[in-house]
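Novice: Work out the full structure, taking the sequences as your base and the hints as a guide.
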Amino acid sequence: MKTNPGRFFEDYRIGDVIRHAVPRTVSGGERALYHALYPARHALYSSDRFAQSCGLPASPLDDLIAFHVVFGKTVPDVSLNAVANLGYAEGRWLKPVWPGDTLRSESEVIGLKENSNGKSGNVYVRTRGLNQHDEVVLDYVRWVMVRKNRLDAPAPDPVVPELKKSLSASDLVIPEGLDFSDYDDALAGEPHRWGDYEIGEKIDHVDGVTIEEAEHMIATRLWQNTAKVHFDATFREDGRRLIYGGHVISMARALSFNGLANAQMIVALNGGAHANPCFAGDTVKAWSEVLDRADTPAPGVGAIRLRLVAVKQGAAPFALKGEDGKYAPEVLLDLDYWALMPK
Amino acid sequence: MKTNPGRFFEDYRIGDVIRHAVPRTVSGGERALYHALYPARHALYSSDRFAQSCGLPASPLDDLIAFHVVFGKTVPDVSLNAVANLGYAEGRWLKPVWPGDTLRSESEVIGLKENSNGKSGNVYVRTRGLNQHDEVVLDYVRWVMVRKNRLDAPAPDPVVPELKKSLSASDLVIPEGLDFSDYDDALAGEPHRWGDYEIGEKIDHVDGVTIEEAEHMIATRLWQNTAKVHFDATFREDGRRLIYGGHVISMARALSFNGLANAQMIVALNGGAHANPCFAGDTVKAWSEVLDRADTPAPGVGAIRLRLVAVKQGAAPFALKGEDGKYAPEVLLDLDYWALMPK
Amino acid sequence: MKTNPGRFFEDYRIGDVIRHAVPRTVSGGERALYHALYPARHALYSSDRFAQSCGLPASPLDDLIAFHVVFGKTVPDVSLNAVANLGYAEGRWLKPVWPGDTLRSESEVIGLKENSNGKSGNVYVRTRGLNQHDEVVLDYVRWVMVRKNRLDAPAPDPVVPELKKSLSASDLVIPEGLDFSDYDDALAGEPHRWGDYEIGEKIDHVDGVTIEEAEHMIATRLWQNTAKVHFDATFREDGRRLIYGGHVISMARALSFNGLANAQMIVALNGGAHANPCFAGDTVKAWSEVLDRADTPAPGVGAIRLRLVAVKQGAAPFALKGEDGKYAPEVLLDLDYWALMPK
Numbered sequence: 001m002k003t004n005p006g007r008f009f010e011d012y013r014i015g016d017v018i019r020h021a022v023p024r025t026v027s028g029g030e031r032a033l034y035h036a037l038y039p040a041r042h043a044l045y046s047s048d049r050f051a052q053s054c055g056l057p058a059s060p061l062d063d064l065i066a067f068h069v070v071f072g073k074t075v076p077d078v079s080l081n082a083v084a085n086l087g088y089a090e091g092r093w094l095k096p097v098w099p100g101d102t103l104r105s106e107s108e109v110i111g112l113k114e115n116s117n118g119k120s121g122n123v124y125v126r127t128r129g130l131n132q133h134d135e136v137v138l139d140y141v142r143w144v145m146v147r148k149n150r151l152d153a154p155a156p157d158p159v160v161p162e163l164k165k166s167l168s169a170s171d172l173v174i175p176e177g178l179d180f181s182d183y184d185d186a187l188a189g190e191p192h193r194w195g196d197y198e199i200g201e202k203i204d205h206v207d208g209v210t211i212e213e214a215e216h217m218i219a220t221r222l223w224q225n226t227a228k229v230h231f232d233a234t235f236r237e238d239g240r241r242l243i244y245g246g247h248v249i250s251m252a253r254a255l256s257f258n259g260l261a262n263a264q265m266i267v268a269l270n271g272g273a274h275a276n277p278c279f280a281g282d283t284v285k286a287w288s289e290v291l292d293r294a295d296t297p298a299p300g301v302g303a304i305r306l307r308l309v310a311v312k313q314g315a316a317p318f319a320l321k322g323e324d325g326k327y328a329p330e331v332l333l334d335l336d337y338w339a340l341m342p343k
Numbered sequence: 001m002k003t004n005p006g007r008f009f010e011d012y013r014i015g016d017v018i019r020h021a022v023p024r025t026v027s028g029g030e031r032a033l034y035h036a037l038y039p040a041r042h043a044l045y046s047s048d049r050f051a052q053s054c055g056l057p058a059s060p061l062d063d064l065i066a067f068h069v070v071f072g073k074t075v076p077d078v079s080l081n082a083v084a085n086l087g088y089a090e091g092r093w094l095k096p097v098w099p100g101d102t103l104r105s106e107s108e109v110i111g112l113k114e115n116s117n118g119k120s121g122n123v124y125v126r127t128r129g130l131n132q133h134d135e136v137v138l139d140y141v142r143w144v145m146v147r148k149n150r151l152d153a154p155a156p157d158p159v160v161p162e163l164k165k166s167l168s169a170s171d172l173v174i175p176e177g178l179d180f181s182d183y184d185d186a187l188a189g190e191p192h193r194w195g196d197y198e199i200g201e202k203i204d205h206v207d208g209v210t211i212e213e214a215e216h217m218i219a220t221r222l223w224q225n226t227a228k229v230h231f232d233a234t235f236r237e238d239g240r241r242l243i244y245g246g247h248v249i250s251m252a253r254a255l256s257f258n259g260l261a262n263a264q265m266i267v268a269l270n271g272g273a274h275a276n277p278c279f280a281g282d283t284v285k286a287w288s289e290v291l292d293r294a295d296t297p298a299p300g301v302g303a304i305r306l307r308l309v310a311v312k313q314g315a316a317p318f319a320l321k322g323e324d325g326k327y328a329p330e331v332l333l334d335l336d337y338w339a340l341m342p343k
Numbered sequence: 001m002k003t004n005p006g007r008f009f010e011d012y013r014i015g016d017v018i019r020h021a022v023p024r025t026v027s028g029g030e031r032a033l034y035h036a037l038y039p040a041r042h043a044l045y046s047s048d049r050f051a052q053s054c055g056l057p058a059s060p061l062d063d064l065i066a067f068h069v070v071f072g073k074t075v076p077d078v079s080l081n082a083v084a085n086l087g088y089a090e091g092r093w094l095k096p097v098w099p100g101d102t103l104r105s106e107s108e109v110i111g112l113k114e115n116s117n118g119k120s121g122n123v124y125v126r127t128r129g130l131n132q133h134d135e136v137v138l139d140y141v142r143w144v145m146v147r148k149n150r151l152d153a154p155a156p157d158p159v160v161p162e163l164k165k166s167l168s169a170s171d172l173v174i175p176e177g178l179d180f181s182d183y184d185d186a187l188a189g190e191p192h193r194w195g196d197y198e199i200g201e202k203i204d205h206v207d208g209v210t211i212e213e214a215e216h217m218i219a220t221r222l223w224q225n226t227a228k229v230h231f232d233a234t235f236r237e238d239g240r241r242l243i244y245g246g247h248v249i250s251m252a253r254a255l256s257f258n259g260l261a262n263a264q265m266i267v268a269l270n271g272g273a274h275a276n277p278c279f280a281g282d283t284v285k286a287w288s289e290v291l292d293r294a295d296t297p298a299p300g301v302g303a304i305r306l307r308l309v310a311v312k313q314g315a316a317p318f319a320l321k322g323e324d325g326k327y328a329p330e331v332l333l334d335l336d337y338w339a340l341m342p343k
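Protein chains in written order, with this note's numbering: chain E, 1 to 343; chain X, 1 to 343; chain V, 1 to 343.
Rather than coming from a laboratory, the hints here were simulated on the basis of the structure.
Mixed in with the good hints there might be a few duds.
For identical chains, the list gives no copy identity; a pair is met inside one copy or between any two copies.
What the hints assert, rightly or not - DMTMM-like cross-link-like pairs, simulated, lysine to aspartate or glutamate; straight-line CA separation at most 20 Å:
#: 1; residue 1: K95; residue 2: E10
#: 2; residue 1: K321; residue 2: D334
#: 3; residue 1: K2; residue 2: D185
#: 4; residue 1: K119; residue 2: D334
Specialist: Written as structure tokens, this is what we have:
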């Protein structure tokens with residue numbers, strides 16, 4: 001067999017570091033496509049001049065481009081035989097990614113726990129994205145449930161890593177030079193600043209986007225994530241292509257511009273759940289909740305912790321979970337992240 | 001409310017200058033996408049070497065990329081609560097836009113006239129697109145009918161600007177250095193030059209493109225035009241997404257290559273009407289009429305004034321208006337512009 | 001008539017050299033789009049750093065981008081009135097194409113043979129793609145059946161060029177500097193090297209992609225191939241848009257990554273047949289057969305000759321031809337090419 005069968009649960013060992021394939025040089029082409037696929041308008045990622053007025057040398061690529069590129073490379077090694085994507089934790093953006101950078105990914109196995117049915121188990125990896133200078137630009141923990149291939153393979157000693165429920169403000173890394181002292185609200189598209197958002201406040205982002213098959217496939221391929229469930233309509237019994245969860249993340253984040261245009265930079269991912277699958281024809285909308293606020297040492301820069309929820313058509317206002325504690329069927333995504341905002 | 005409610009008729013004042021949000025740095029990525037979304041083939045915008053043989057330092061971005069980027073930024077401030085896009089006038093391209101340029105837009109309110117029903121009014125703005133050197137690259141007048149929010153707001157003194165029905169040849173700005181003396185017809189794809197087109201001549205551009213939802217949404221987002229009517233299939237009662245009028249402009253202009261490949265640069269927009277809405281599934285075709293010709297002081301360069309009409313399936317040959325003076329239902333666009341052509 | 005009617009069979013003369021229109025400067029934008037439209041992951045075309053570790057100055061644009069750009073320009077002059085694309089031969093990639101290069105095409109008529117029905121004939125052209133230094137980056141022979149317009153035009157003396165059934169290893173041009181001595185299997189995504197593939201071995205590439213209208217039109221336009229049969233749903237009697245054969249070539253080549261990730265560079269095209277038409281909604285899969293292997297003088301570099309077959313849903317395993325020698329109806333493409341692989 002010359003094709004890649006993927007790894008099964010019994011193929012992982014604690015401490016293994018997997019160097020993922022296909023490094024990628026990114027350019028203005030990836031940025032243009034990102035802005036064509038999502039209604040992305042955060043000014044720092046759109047204009048070199050705006051970014052320079054915020055102390056950066058130029059406009060970096062969107063944070064989620066970095067995330068998707070790094071994540072996409074892990075799919076053949078981590079989730080080809082996964083039955084469920086269970087969670088994210090301790091994600092941090094450590095360096096901006098610039099046009100011309102070359103990214104690669106590696107993942108360390110940090111947890112393993114076989115399920116009681118003996119047919120699958122949970123695999124925890126810490127994934128790092130590195131640039132051409134071997135600097136870590138992003139790292140995060142992800143855990144997935146992976147099938148066993150040889151059911152008689154012995155269960156490993158269970159190791160479940162202790163993960164922070166949320167990163168604290170002191171964990172956040174502020175990009176070198178970032179300075180919001182001369183921030184231009186008009187060009188950013190939003191008069192509300194860090195001090196105007198209250199913990200507990202919820203924002204309905206109002207706009208909606210109906211998703212087409214061509215769009216989510218173009219986006220997902222752009223990140224070299226080629227899991228067949230996203231592309232092959234003959235693969236699932238129901239003949240439907242499952243939309244890459246990251247597509248919903250980017251769509252919701254872009255929609256959140258309307259009300260959170262000043263939540264410019266994503267610096268941490270505390271957690272996230274893909275609550276229900278998304279399919280072409282769904283109309284995605286988003287709402288946010290302010291979970292926390294914290295000051296930072298950078299001039300004019302505050303940190304805001306946000307819950308970002310993506311829902312589809314038919315969702316009740318601010319839909320999240322039912323009385324049973326389960327996500328409402330119209331909820332697609334529940335994401336918890338830190339962003340940087342002008343004070 | 002943190003989200004942008006848009007401006008209503010009573011929010012505009014004569015003389016107001018609105019600085020629109022989200023400046024944008026453009027690159028080869030935007031150009032590649034433009035050429036992927038439209039059958040654009042004008043050689044000056046395709047090849048650095050061809051552009052250099054015409055006296056320019058490199059191939060600029062397509063004129064309509066500049067238009068769409070500048071226009072897209074105005075939507076949240078000008079047309080979010082518009083009920084109709086009424087017209088364009090006095091549009092001029094003043095500087096080429098190059099990869100690496102950063103564009104922003106601002107609009108001055110130059111006219112206001114409340115409708116007799118007291119529920120809406122016409123707003124006239126002169127929009128300017130500026131580059132990172134604060135040079136105006138494009139300006140045009142646009143007027144839209146905007147809803148009132150507070151119906152009891154007093155009507156402003158009516159001001160209707162005097163607008164030229166057409167710019168004259170002396171108004172046109174020729175890009176610095178442009179020289180068609182060594183123009184290569186074979187590489188341009190067209191043997192017919194300025195002198196071969198007669199006033200009154202009509203050209204059927206023959207080719208047609210059937211439009212898909214994914215394509216018009218990708219294009220419209222690329223210009224950061226996020227008006228929900230283009231994206232959210234649940235927004236309109238009929239469940240259909242309205243295609244951004246600029247998508248039809250670009251499609252028709254690109255189709256006009258077949259017969260007008262030498263109408264290289266658009267330098268002025270005299271007027272335009274989006275005659276009927278366009279929806280996914282429509283097959284767009286185009287025809288042109290030569291309205292005028294004028295000489296220019298640039299070597300080898302003539303100016304040609306063209307009517308560009310986009311129609312959909314079922315249109316009669318050279319369809320335009322019925323005997324009642326109304327546009328035929330298959331007519332999508334009626335545009336009046338000046339272009340530069342080799343003599 | 002100002003529009004291009006295309007050439008008919010009687011318009012070609014042996015020895016004519018047609019300079020095709022619309023030169024094109026390519027950038028990172030074209031690369032990003034290519035990776036968004038196809039599941040392309042060959043590391044040499046994805047990462048500057050990986051390409052540098054293989055002795056190249058940077059990552060070139062995918063070989064098939066060069067092919068499509070060069071081919072697209074020939075359509076208005078060669079195949080606008082073609083009734084069938086009959087074959088390819090003697091294709092060679094002679095120079096890598098880099099972001100920033102400007103490509104143009106020219107074709108020499110090397111064969112003509114009228115059909116016995118007097119209504120059409122076969123035209124053979126040798127097409128060259130040239131860069132801004134007037135270096136040939138690609139050349140290949142293609143022959144098509146073209147309609148006659150004036151049925152009474154006399155038949156030319158038949159000339160059928162002698163074409164090699166396959167290029168031999170000594171015909172292959174290895175890019176200057178290419179060196180696979182320090183090749184990194186993990187980053188390339190494939191442990192199998194040149195010595196691991198046996199002549200006659202067949203590889204099922206497993207993955208499948210269901211094709212959407214928007215995607216094949218975006219791709220085809222990107223190469224400035226505007227043949228209406230690909231874009232206008234009202235053109236064919238059955239209301240279906242025919243997918244550009246090159247879209248299937250790129251899709252199949254990208255799918256072959258899974259099993260042939262180390263077949264990095266395409267250096268020759270020995271032949272190819274578009275066995276059956278492809279339409280939106282089809283799910284494309286691919287398989288390969290090793291036809292030959294040869295050593296090369298470049299350090300660590302072997303050559304492998306591959307048959308690449310694209311099939312659609314319903315195809316039997318390794319489907320090719322029936323007992324009657326005809327292609328099975330699910331076979332879309334049968335391509336014969338040479339690639340370079342680490343030894």
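Novice: Please go over all the hints and tell whether each is borne out by the structure.
Specialist: Here is how each hint holds up against the structure:
When the C-alpha separation of K95 and E10 is checked against a cutoff of 20 Å, the pair qualifies neither within a copy, at 34 Å, nor between copies, at 46 Å. Within a single copy, K321 and D334 get their C-alpha atoms as close as 10 Å, which meets the 20 Å cut-off; across copies the closest is 51 Å, which misses it. Taking the shortest Cα distances, K2 and D185 sit within 20 Å of each other only across copies (13 Å), while inside one copy they are farther apart (55 Å). In this assembly of identical chains, K119 and D334 lie within 20 Å of each other by CA distance neither inside one copy nor across copies; the values are 28 Å within and 41 Å between.
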